[in-house]
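Below are the chains, spelled out letter by letter.
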Amino acid sequence: MTVITKQDTNPTSHLTPENIEQLGRDLDAIRQSVLDARGEKDAAYIRKVVDVQRKLELGSRAVLTVSILPPAWIAGTIGLSIAKILENMEIGHNVMHGQWDWMRDPKIHSTTWEWDNASTAEAWKHSHNEVHHTYTNIVGKDNDLGYGIMRVDEDQRWAPFHLGQPLWNFINACFFEYGIAAYDLELGKNLSIPKEKRSEKFQSDLKKTFAKIRRQAKKDYLIHPALGLPTGSVVPILAANFTANLVRNLWSHSVIMCGHFPEGVETFEKKSIPDNETRGEWYLRQMLGSANISGSKAMHLMTGNLSHQIEHHLFPDLPSSRYAEIAPQVKAVFETYGLSYVEGSLPKQVYSAWHKVVRLSLPNGFLATTTAKNAPQQAKLLWAMSTKGKRVRRAAQARLEQTARRQKASSAA
Amino acid sequence: MTTTAVPRRAAITAASTVKPPVSARQAATTPARPGLRGRVRRLADAAVTPLELDDVLDVFHPLRAGAPLRGRIVEVCAETEDSATIVIKPGKDWSGHVPGQYVRVGAEVDGVRLWRTYSLTHGPRRDGCLSITVKAIPGGLVSQHLVHSARPGQMLQLAPAQGDFVLPDPLPAKLLLVTAGSGITPVIGMLRNLYSRATTPATDIVLVHVNASESSAIFRDELREHAEAGHITLVERYDDRDGLLDVAHPVTGLASLVPDLDDRLAYACGPAGLLDALESFHAERGLALTTERFRPVVLGDAGAGGTVTFTSGPSAEADGETPLLDAGESAGVLMPSGCRIGVCFGCVLPLKQGAVRDLRNGAITQAVPGETAPEGIPIQTCINAAAGDCSLDDAG
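If you read the protein sequences in the order shown, they are chains H and P. The numbers in our numbering rise by one with no breaks, and the one at position 158 of the first sequence is 141. The numbers in our numbering rise by one with no breaks, and the one at position 195 of the second sequence is 511.
Just so you know, the hints here were simulated from the structure itself, not pulled from any lab data. Hints should not be assumed to be uniformly reliable.
Straight line, CA to CA, 27 Å or less: simulated DSSO-like cross-link-like pairs of lysine-lysine [unchecked claim]: (1) Lys490/P - Lys24/H; (2) Lys254/H - Lys(-11)/H; (3) Lys180/H - Lys191/H; (4) Lys408/P - Lys31/H.
Covered stretches of chain H (in silico footprint by chain P; criterion: 3 or more residues with CB under 8 Å from a CB of chain P, positions within the stretch not fixed) [as the list claims (entries may be wrong)]: (5) 15 to 22; (6) 32 to 44; (7) 97 to 109.
Note that CB positions come from ideal geometry on N, CA and C, so glycine has one too.
Use the sequences and the hints to build the structure in full.
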């Protein structure tokens, strides 16, 4: 994708400022209808999910103490994986968004919740709630666009490092919780600063994150396996915890990739966002910047209702259990204002996101200008772009884009 | 919804020797638990991180010792058409109470935890339960919920019993109790306690019980039984039958109802009007009076703004359209902040007292010390403005 302001036809060009403000009011009305209806049923829902999750996790860990028996290992590992996914997605993510603060229950509150993840709640709330949800899909401002290790938009400049991004993305998926922790600390940026110049806040956040990782690892890889000593299940329990963490990481990574990376999702140019962006304009950006996953109720639950990414980005503080119900109304707003509601099945969206990661690992215009015939020259060009410094890279990039444009023009003519 | 009248207590003369109950939870979490028990607990906490052992135990045994103080409703029985007694089995750490004291109760009303205080209407009971008697106030969220929607099995949050509206020990020879409406609730607790003992106390008690009408009088029959048994002298006053009681009136006032009132130690509980009249009446005669006040919460003009005070010291005048975050920052308070558009919940601070208005939809949130959540109500400061004077806890 390309930032909307550089596309041939900007998908918002048909809207007047008055249209956009009216759109804001329409969405506010949907939000208010949920606030008015929200009550006992919603509270019962989240309490039930928390209750089920805790029992499932405890039960699975108990079963795993005899996981020297293969059926116990399989059942326990599946249970623990599901429990960890529920804890991160439907509970942790949403509680930390303040979706349940209205209940005024200090036990289920954004200010007190800590989750089963390497990243601390405090650091995650800053990078996710504050940065990502406010500056969604603004290239150069929303670090979620590629997490700082990938290029997921044509308007992010290509560098040789990006050639490896399919691999980086896969590694990140496997160890996603540590990826999130590093990302929330802005580790890359901070490590590039000389040690003595790093901010005090970073030092203290780093300490807290290490302490959290130690606690998490101690639980999963020390205390729980120790409970398997009497039955000789120490190694199976270790393996089960590793597997459950891996499953949770792969799953949450996939779901989260589907939120903003699939084709059809729009991005925005930093300088095109006014300082005093109105509520309508902010809503419009959220509408275009997110993609939904269609599927069953169970799938929605396991994604923490992030399958309703569009509804979530419009109303990040509404209870997740209400997203499915307002989705048709939100979709109607998209239709009224002639905007496209990006939605697809999980396999389709995962494929689309991965396809983009692979495609953008190469410079813009590279694939379009490559044929079987010129493949050797193109490979040489890519080698030069990767090894011969910035100036060569820029010149080659400009040439590639020019050739691609000409090709497009001549094929159209 | 914002004009809810809720009882709020302030005992005027202290007559109590009750020790403040210590929260057992606090005692249990004091630093460095030595010994085996402490080590086992630390290990258990580490085994369930990021939760604590208590969070896991809460799933199975919410009333155990060491749990946050709460109780389970075991019975709801109607007293009158709009009042009911709720019998509650408290958690193991309930440290008891003295009749006349009140308890802070947190109920989930339509999913939202709201706190109010209610008098305990029994002395310590053999079954270990507590009881509160609640009168449903028109528009009262919590009282309506407790009277009409509370069911056995539901949980309520509790705080330790408090209050100085208790009888002296030993009892004086003569007592005067004046109550109006649900002001009877602390007094019924005292009476039930006195007359459930093996030896009946020798005190001569007069109870003047004022109500709008006979049918709305809570505990009417039980009080008459006490009177018939010779426990008390009951003076029933009904506004619709006898007219409003004018306490100081030389002919129809309190002196005519209780001729020997100068010899009696006096206790009164009821609405402010009655208590004010009683206080000046007793002061004039040089008599002691212990009162318990039911005070309605008065909400300021929602659009008008007010003075915002911060626990760290500063205060600021804010109009009804200025976000509290901006008001705090311009007063030099180091406010936590984030997106500033109501999205990220990075600016949440507890509202300790007063009312605020959501600038997006006008919704009012109100905190009353001693009534609403003890630690304050967390609010987003970037999209809320002052609706009257309010105070925020920025020190936490």
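Structure-based check of each hint:
1. Lys490/P - Lys24/H: Violated, because 53 Å separates the two Cα atoms, which is more than 27 Å.
2. Lys254/H - Lys(-11)/H: holds (12 Å)
3. Lys180/H - Lys191/H: Holds - the C-alpha atoms of Lys191/H and Lys180/H are around 19 Å apart, at most 27 Å.
4. Lys408/P - Lys31/H: Holds - the C-alpha atoms of Lys31/H and Lys408/P are around 25 Å apart, at most 27 Å.
5. 15 to 22: holds (count 4)
6. 32 to 44: Held - the region 32 to 44 of chain H has 4 residues with a Cβ nearer than 8 Å to chain P, which meets the minimum of three.
7. 97 to 109: Satisfied; 5 residues make the cut.
In the structure shown, a violation is registered for the earlier hint numbered 1 alone.
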